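Work the whole structure out from these sequences, hints included.
If you read the sequences in order, they're chains A and B. For the first sequence, position 424 (counting from the first letter as 1) is numbered 424 according to our numbering, and the numbering increases by one without interruption. For the second sequence, position 259 (counting from the first letter as 1) is numbered 259 according to our numbering, and the numbering increases by one without interruption.
No wet-lab data here; the hints were simulated from the structure. Since this is a predicted model, take the numbers as computed values, not measurements. Among the clues, some could well be false.
To be verified - When the alpha-carbon atoms are kept at most 30 Å apart in a straight line, the in silico DSBU-like pairs for lysine-lysine are as follows:
id, chain 1, residue 1, chain 2, residue 2
1, B, Lys619, A, Lys128
2, B, Lys552, A, Lys404
3, B, Lys420, A, Lys162
Next come the chains, spelled out residue by residue.
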Amino acid sequence: MKLHDTITAIATPIGSGGIAILRISGTDAEFIVQKIVQTKNKKPLCALESHKLTLSDIHLLGDPSVLIDEALVAVMRAPHSYTGEDVVEINCHGGFLAADRILEQLIKAGARLAEAGEFTRRAFINGKTDLTGAEATMDIIQSHSGLGLQNAAGTAAGKLAKKINGLRDEILAIAAHISAATDYPDEVDEPASGQVYNTLAGILQDMQQLIDGFSTGRMLKDGIHTVIVGKPNVGKSSVLNALARAERAIVTDIPGTTRDVIEEYIQIRGASLRLLDTAGIRENADAVEQIGIARAKENMQKADLCLFVIDVSEGISKEDIAIAKELDGKEIILILNKTDKAGEISLTEAEKYLGIPKEDIVKTATPKDAPPIGIEQLEERIAQKFLTGKFTPGEVYITGQRQKDSLCKGADSIRRAMDSAGNAMPYDLLFIDLEDAAAALGEITGETVQEEIIEQVFSRFCVGK
Amino acid sequence: MFIADKYDIAVVGGGHAGIEAAFAAARLGMKTCLFSISLDAIANLPCNPSIGGTAKGHLVREIDALGGEMGKGADATFLQSRILNRGKGPAVHSLRAQIDRRNYQEEMKHRLEKQENLDIRQAEIVDLTLDDEGCVRSVIAKSGAEYLCRAAIICTGTYLKSRIIIGEFSQESGPDGVFPANELSKNLEKIGVKLVRFKTGTPPRINRKSIDFSKLEKQVGDEEITPFSFETEGELKNQVACYITYTNEKTHKIIMDNLHRSPLYGGDIKGIGPRYCPSIEDKVVRFKDKERHQLFVEPMGIRTEEMYLQGFSSSMPEDIQIQMIHSLPGFENAQVMRNAYAIEYDCADPLQLYPTLEFKEIKGLFGAGQFNGTSGYEEAAAQGLIAGINAVRSLKGEEAFILDRSQAYIGTLIDDLVTKGTNEPYRMMTSRSEYRLLLRQDNADIRLTPLGYEIGLISEERYQKYLQKQDAIACEKQRLERIILPPSEKVLAFLEKIGSTPIKSGIRASELLKRPEVTYKGMQEIDEERPKLDAAVTEQVEISIKYEGYIKRQQTQAEQFKKLENKKIPEKIDYLQIDGLRLEARQKLDKIRPKSLGQASRISGVSPADIAVLIIYLKSL
Numbered sequence: 001m002k003l004h005d006t007i008t009a010i011a012t013p014i015g016s017g018g019i020a021i022l023r024i025s026g027t028d029a030e031f032i033v034q035k036i037v038q039t040k041n042k043k044p045l046c047a048l049e050s051h052k053l054t055l056s057d058i059h060l061l062g063d064p065s066v067l068i069d070e071a072l073v074a075v076m077r078a079p080h081s082y083t084g085e086d087v088v089e090i091n092c093h094g095g096f097l098a099a100d101r102i103l104e105q106l107i108k109a110g111a112r113l114a115e116a117g118e119f120t121r122r123a124f125i126n127g128k129t130d131l132t133g134a135e136a137t138m139d140i141i142q143s144h145s146g147l148g149l150q151n152a153a154g155t156a157a158g159k160l161a162k163k164i165n166g167l168r169d170e171i172l173a174i175a176a177h178i179s180a181a182t183d184y185p186d187e188v189d190e191p192a193s194g195q196v197y198n199t200l201a202g203i204l205q206d207m208q209q210l211i212d213g214f215s216t217g218r219m220l221k222d223g224i225h226t227v228i229v230g231k232p233n234v235g236k237s238s239v240l241n242a243l244a245r246a247e248r249a250i251v252t253d254i255p256g257t258t259r260d261v262i263e264e265y266i267q268i269r270g271a272s273l274r275l276l277d278t279a280g281i282r283e284n285a286d287a288v289e290q291i292g293i294a295r296a297k298e299n300m301q302k303a304d305l306c307l308f309v310i311d312v313s314e315g316i317s318k319e320d321i322a323i324a325k326e327l328d329g330k331e332i333i334l335i336l337n338k339t340d341k342a343g344e345i346s347l348t349e350a351e352k353y354l355g356i357p358k359e360d361i362v363k364t365a366t367p368k369d370a371p372p373i374g375i376e377q378l379e380e381r382i383a384q385k386f387l388t389g390k391f392t393p394g395e396v397y398i399t400g401q402r403q404k405d406s407l408c409k410g411a412d413s414i415r416r417a418m419d420s421a422g423n424a425m426p427y428d429l430l431f432i433d434l435e436d437a438a439a440a441l442g443e444i445t446g447e448t449v450q451e452e453i454i455e456q457v458f459s460r461f462c463v464g465k
Numbered sequence: 001m002f003i004a005d006k007y008d009i010a011v012v013g014g015g016h017a018g019i020e021a022a023f024a025a026a027r028l029g030m031k032t033c034l035f036s037i038s039l040d041a042i043a044n045l046p047c048n049p050s051i052g053g054t055a056k057g058h059l060v061r062e063i064d065a066l067g068g069e070m071g072k073g074a075d076a077t078f079l080q081s082r083i084l085n086r087g088k089g090p091a092v093h094s095l096r097a098q099i100d101r102r103n104y105q106e107e108m109k110h111r112l113e114k115q116e117n118l119d120i121r122q123a124e125i126v127d128l129t130l131d132d133e134g135c136v137r138s139v140i141a142k143s144g145a146e147y148l149c150r151a152a153i154i155c156t157g158t159y160l161k162s163r164i165i166i167g168e169f170s171q172e173s174g175p176d177g178v179f180p181a182n183e184l185s186k187n188l189e190k191i192g193v194k195l196v197r198f199k200t201g202t203p204p205r206i207n208r209k210s211i212d213f214s215k216l217e218k219q220v221g222d223e224e225i226t227p228f229s230f231e232t233e234g235e236l237k238n239q240v241a242c243y244i245t246y247t248n249e250k251t252h253k254i255i256m257d258n259l260h261r262s263p264l265y266g267g268d269i270k271g272i273g274p275r276y277c278p279s280i281e282d283k284v285v286r287f288k289d290k291e292r293h294q295l296f297v298e299p300m301g302i303r304t305e306e307m308y309l310q311g312f313s314s315s316m317p318e319d320i321q322i323q324m325i326h327s328l329p330g331f332e333n334a335q336v337m338r339n340a341y342a343i344e345y346d347c348a349d350p351l352q353l354y355p356t357l358e359f360k361e362i363k364g365l366f367g368a369g370q371f372n373g374t375s376g377y378e379e380a381a382a383q384g385l386i387a388g389i390n391a392v393r394s395l396k397g398e399e400a401f402i403l404d405r406s407q408a409y410i411g412t413l414i415d416d417l418v419t420k421g422t423n424e425p426y427r428m429m430t431s432r433s434e435y436r437l438l439l440r441q442d443n444a445d446i447r448l449t450p451l452g453y454e455i456g457l458i459s460e461e462r463y464q465k466y467l468q469k470q471d472a473i474a475c476e477k478q479r480l481e482r483i484i485l486p487p488s489e490k491v492l493a494f495l496e497k498i499g500s501t502p503i504k505s506g507i508r509a510s511e512l513l514k515r516p517e518v519t520y521k522g523m524q525e526i527d528e529e530r531p532k533l534d535a536a537v538t539e540q541v542e543i544s545i546k547y548e549g550y551i552k553r554q555q556t557q558a559e560q561f562k563k564l565e566n567k568k569i570p571e572k573i574d575y576l577q578i579d580g581l582r583l584e585a586r587q588k589l590d591k592i593r594p595k596s597l598g599q600a601s602r603i604s605g606v607s608p609a610d611i612a613v614l615i616i617y618l619k620s621l
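Structural data, given as structure tokens:
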């Protein structure tokens, strides 16, 4: 990570929207941008008021006569900018071409292409945001869904930090009590061991809840990892296209058309699905197809949800039963597809042979010249499975692996402290684990322990000669 | 002015810091002089007549393990000894002893007088001079006598421009009627030392014959006494008891009714007082719900009737103090011998010091003790020892001696001072250490005696004894790991007696010892071939086996800590020019000039992100 240079990147998603924004951050931001910008009011950038948009011409580096675009330019001077450094933003015309050409000129003029997340990293280094805030901002940027965005925004606003700090305070309160009793044995009694044990149990439960929320948080952030599986030619790609409401995958009558994994993000009730269409699973496939099948199986194992498609016109085959076996233990929705064709499988039959409960079975059809049938019911079932009960609006969920690791570490320490308390070990041994737990939680928000315990000793206990 | 003498090292002040500094310097071969305003004030205990206590007892044992003097003096003059926290884990057992104040002063003064290479001089040092390179050149007494020296250690305690306050009354004075040092402050400031003003206080002393002891609870010492010094041998005996009484509603009402006359609340005291040493008015105001506060009545010595009233520090006016004292059970007719008072004094901002306790900007000038912003005799002595050792090593051109946080409470104390600074007199507490389980008072010799030997403060004879003790510990541990106890009738009967789960097959003695309800001593009856060993040896054996898992975890933590601690930062780094650092971090780092990345990470106002930037910057050098 370099720190002193000036970085730039296109800050808006490539190719979408009417306007593209280029951001330049660093000490030389104004100096570099000046080389390719001529404001309409003829003022140099350094004479512009901070945080005001100014209509300008963007031209080629070294040749002001070659115009690239007409754009709005804003200077945001340190420290009142996103990164805390001098920042210039160029709002140019959308689409790929203009923004890309400007970026090229900026790099020629001395800026460096920013690494992923580098603007936020600088914001963190410059004290514009704490760790949870920085991570949440990264989540906002990368968020694929409305609910994910809500969660990230809640975290950025300090909800997670508040929750973590609450737990930390509870731990520190016990630690402070033990400390006070240790440093002032004639004046303060030790807490009762049952009381410590119970308080710790409560803390552990709350921590566990946060840890358990990680999968939900991750699903909110990255989307529900959904894999469409089934035998070849049961209509998996058609289901994908129907859900995506676009011709995303090639659909033919030829079994084995989909040979690799096809990925698509779709929205259901504000939650995002990372939908993967996979190669149909069958014996006797050719070499290329076999690679696709291996990938399909790999994805199945990692999936949050498997959409298992079978063709009702063919009935339940041995292969279907084999796939059902492989899916054992996963979240599954069984799709009885091609209901517009002859043949039928009853829900009872499906439940009996495939071991999938009736409420998780949906009937669909994707006729060639008519709108698909049953897709809304499928969406409804997915929403029920993943949003109802699992996701409480207003609750915060951790989304980062780092946050989860720290929480797990903290929970381990609390468990050890509970063991010690349960075995009537002396409190100073338990204290080590409490400190570890508080430190682990501090890693999430970036706080340290020692001074705080001492602070609490003197604010909560009347001690001293 | 005339040149009176020439020394290697001048120690200014004869309190607990000055004493250790002077001993260390003289013993390491430096011609040393200790100056004190009054030789009768050497080694005074102007506050409580006791040494040790939680975390402080650890400090005394560490001082002793490194070859310091305090523990030996305390063992020679103690009146009553107790291990605090005995019912808790081994890490927080802390030795505390009541001391005969006068006896201790005489003992320490006499030891100083006998020390080779060391002169003791009654003189008030008012100034010091620097040579052309800015190094310490001499100290100057009030009388005009100049003493040339190559290093000076300032240990002025609470004497610098000190003022005592009793209600509306105040006067310039040091503790116990000794003159204050009024001139040195401004001359220290002249050479660039930044001073701050701190405050502390002490309770009243009462004549024993006027106290009704039938209304007090008695507190006696331990039956089996553990000495402070690892060298002390022979039988030790308690000679006195202490007593406990409590404040009551009446006391609290007198305080609340007269709060406007307290200089603390009236605003007359500007110095910052310590949180852990609150006056009784503070306690009553801040903890309104508490119906009573515990007070300890401690003898000041054998040949005196003065009793110290611990817990009753106050700066109330004299008339109110007397009313307050008379409201206590047993003290209805108490005769006050010395008033409680608050004392304000100048001391140095410790952020100006290196961990060697040398001033960063003035070569050869060291500070130790209360002068560095601490509180307590033991904290002072610990710093005196380290300043003394480092003054010598610096003059000899040897590597600095710095203990880190995982090695000793002394290391923790000094690291806190020079890294975080302090805005109140700093007291050592067990909760200040991250490595409590490693830094026990029982293993201070294991941790530090080899270092004391290397430095030259531990004799060959003592070192050999130390090695023998280590051997004995190792042998006994091995024996317990080897012996397998069968599920015999005798063993099962023993387990049943102590309420421990019966065994089905043989179990290693060391495994059995790990059970919380099993003790080494208790296991004697089923451990037939046990050799006869010193209590100090079996204590180590028991602790190291019983708490093995916890100790190992702390060792892992300490190793983690050392990684960052061993990443040294070059001295001549220009923090102000490092671009990625936030402004606050640049300024803090520039001021404190940490020696390692570990130290840098503990500076308040330096964030983990700043450390990341610093790591990258150091790599680029």
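Go through the numbered hints given earlier and state which of them the structure violates, listing their numbers in rising order.
Nothing - there is no hint that the structure violates, so all of them hold.
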